[in-house]
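**Q** What follows is the residue order along each chain.
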Amino acid sequence: MTEQPHAPATPATALPLNVIVATDCGSTTTKAILIEKVGDEYRQTYRGEAPTTVEAPFEDVTRGVLNAIAEIEELSGRTILEGDRIITPNQAAQGVPKRGVDIYVSTSSAGGGLQMMVTGVVQNMTGESAQRAALGAGAIVIDVLASNDGRLPYEKIERIRTMRPDMILMSGGTDGGAVTHVMEMAEYIGAADPRPRFGSTYRLPLVYAGNTDARPQIKTILGEKTALDFADNIRPVLERENLAPARNKIHDLFLEHVMQQAPGYKKLIEMAGAPIMPTPAAVGVIMETIAKREHINLIGVDIGGATTDVFSVFNGLFNRTVSANLGMSYSISNVLAEAGLDNIMRWVPFTIDEQTLRNRIKNKMVRPTTIPQSLDELQIEHAIAREALRLALIHHKSLATGLKGIQQERTISDVFEQRTSGKTLIDLLTLDLIVGSGGILSHAPRRIQSMLMMVDAYEPLGVTTLSVDSIFMMPHLGVLSTVNEQAATDVFVRDCMVYLGTCIAPIGQGKDGERCADYEIALPDGRMEKGMLAFGELKLFALTREQQATVTMQPVKQVDLGSGPGQSFTKTVQGGVVGLMLDGRGRPLQLPGEQTARVAMLNRWYQAVGLYPAGS
Amino acid sequence: MAHSYTPGLTVTERTTVRRRRILPLPGTVLVEVGAPVHADTAVARAELPGKVVPLNLANQLGIAPDEINDYLVKKEKDSVQKDDVLAENKPFIKWFKTEIRSPITGKVESVSTITGQILLREPPRILELLGYIDGSIVEVHPEQGVTVETSCSLVQGIFGIGGETSGELVMGVTAPDQPLTPEQLTPAMKGKIVIGGAFLSAATMTRAKELGIVGLVVGGIHDKDLRALLGYDLGVAITGSEQVGFTLILTEGFGTIPMAPKTFALLSSRAGRKASISGATQIRAGVIRPEIIIPQAALAGDAKAPRIEREGIQLGDPVRIIRDPLFGKIGAVSGLPSELRAIPTESEVRVLEVRFPDGTTTVVPRANIEVIEGA
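Going line by line, the protein sequences match chains Z and U. Going left to right, the first sequence walks through residues 1 to 616 as the working numbering numbers them. Going left to right, the second sequence walks through residues 1001 to 1375 as the working numbering numbers them.
I should point out that these hints are in silico values taken from the structure, not numbers from a laboratory. There are no misleading hints in this set.
The calculated DSBU-like cross-link candidates involving lysine-lysine, where the alpha carbons are at most 35 Å apart (straight line), are:
#: 1; chain 1: Z; residue 1: LYS225; chain 2: U; residue 2: LYS1077
#: 2; chain 1: U; residue 1: LYS1107; chain 2: Z; residue 2: LYS219
#: 3; chain 1: Z; residue 1: LYS397; chain 2: Z; residue 2: LYS423
#: 4; chain 1: Z; residue 1: LYS225; chain 2: U; residue 2: LYS1075
#: 5; chain 1: U; residue 1: LYS1075; chain 2: Z; residue 2: LYS219
#: 6; chain 1: U; residue 1: LYS1051; chain 2: Z; residue 2: LYS219
Please model the complete structure; the sequences and the hints are all you need to start from.
**A** Shown next as structure tokens:
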């Protein structure tokens, strides 16, 4: 399931790039960053932000881009714009050092991103493979149709007709296998005659990546009704997925068809010096690069206003999912609907009546660009973020799986362990790093707030390092890496990744206050911290990214730290801007059901790690 | 962040609006450029393709898919009546005869010898697209629809549910901070659009439905009442197709929030006039806000009024605070400090100072105000 990201149309590694401006056109705001070569290395120097202008009254995405760049101009003193044009190249060589940039690159998820419908024959085989291909290409999958999805044929046709996707991906059948079922689905699509979301005058792009033997018949049925394109079969044989050709085709059609329809994108494509990438595809490039470079397992999350993207790399296998309606502004009300009020309230360290909370959440939904002004509003948003992160990971786990339905070789030693195929790849005990991105995590007033939000939502097991994208620039660096790898890597290491620290969380449960584990921490200055970690306790130790500490823990007999129940454990860990956190709250994490006890416990935890200003 | 402010909602006495009326699929335009239209005039018509019903004949007859042509009674493009025989086998013994009958009236759309499937389609349904507002046709988009223009007063709401409708505006309250109660609704309001004040309860909504009121415009409602009205928890603000008996428009937000005085005054002054309203709201991907359009006779120069392009917030601009703790309060910008300021959350953000009508001032993040447009 791992593929290289789609190669850029213009490999520009040879370009002498000294000044780069990059934007990400998000659903809410357009974020611009300036990257400059300082000595031998690239650094991110200035940042600008403006509301995205895909919507009325502007209906031109480039307005937001120009506004965000204008802000960089104000802050940096560099002239980048001449009217509506970006001045390229940088004119330092002509003796004007603060004029122009060498390249402009951009990602985009504005206007609802790339919305796709996918079809397969068997839902948890080709249906899921098609879903993974579309998600990996940066799409939001609005529906998965399959021959065995439980819907009656006419329901499928009605569904295809009422949805207005930007693109359809069809899969089904192994090469050389039966064509009947995939043809049946093609007949349904043909009968429904689906229309694209933007514009009624162009034909809907459709990528066929199923049984190659069916291509002539597919062309007969759908060739006239859609802008049909073929890619290699995503499941040429049952035991293998081949997603890269379909993903690449989706990227090409995204640029050729879909983006041409969105307001102002023609202009944006002309302005940019490299192909515009869907934001999630660009973040995916960065996540894969980190995992490969450091040989680690990671989970990355980008929690935006409308959607939450989750990326994972476990044992080299890359997966991405998008939870289309879990987000912190446009979709905030849906987090409430999906998680339920009780699940959100369990993280709020004060009491608030249901009606007030519901009204506040709806008001954020209808005015998505507002920010929390008071501390209690911030705490409510952090509570909602925990639930959005948690639900998005559950969704990711269900799709980041091994291939389903394939034969497995079993030996006599497997007699007592009947593993099914299609098990989730996400194993929190072998997880090394969690990377957080998106406004609520990147812009939390205190970094500990980002760390605890992710720890509470993901409940990491054993030893896990956590980090955040400093000011939300992973998409920019993802697209930049397709043009200039060194610039992207330099900025990523020095300016983008903020290591928060390490969390050590024993697995097991016990009564509040009872012994969970004894610990000894050999700190870099020679001091030794010794003590007992009780159940229900959070402890935080100062330890910077440059420092290492050796932690030895002896858990009680029912508690496991990865080596087995009651087994002691020693590991050298690194710190970060927050430090080293010992989490004795137990796994799975449980909170008191009774409100007063729960609020008291939350306040105890929050105070133990200095989560919010004192006296709050 | 000189450019980071939220464009506000328009509340204006005179403007010219154009609304594109586009069919969901190509059809026939029924009016010409210059023709006057009413809200309920049909301006275009399309035939919505009928439902498709697939039948797998090969399976039902127990034959191979490529043999089905030999068994068909009805061929591709043939019309069929419900219970007509579509296909049959010809056994030696009559008892073993199998006939496949059509479950619908329509026609045979296609026959596939690969899947053994026959697709039947019901007759098309006629869809008439209405004018929505009283005005005149300024553009015809062949086969697609028209653009209607009218000179009018325009009020945009923040959120709504229900589709397009029209009716006479009638005041349900006398002040913008009064809640609209069931007692204030009368049978005479049937078919009309009722303007409320600060709040609308579930009981008032029930009464409005009973009386056949077509539209309700109010400052705010409680989310729990919305949930009860819809029967589900609204997750994403994409609305307009709800069928709750009336169209509802909120001008301020959720909670008890007095309608902005300017909005209330404008709607009061137009009481008795015919208005077109739409509750359709879409906050993501191409923002659509609910609207109240009150057509009126055009004045010279109306159509030529240029759209004011704002360059950002100016001192003196009327603004509405759109986030707690001062949610819904209205004032004017009295200070625009350029430096970042720490707010109680410890975030450092661009702020501005707002002066309220009583002379008091407050400092709020710039992201938390919206300019009242059309001032």
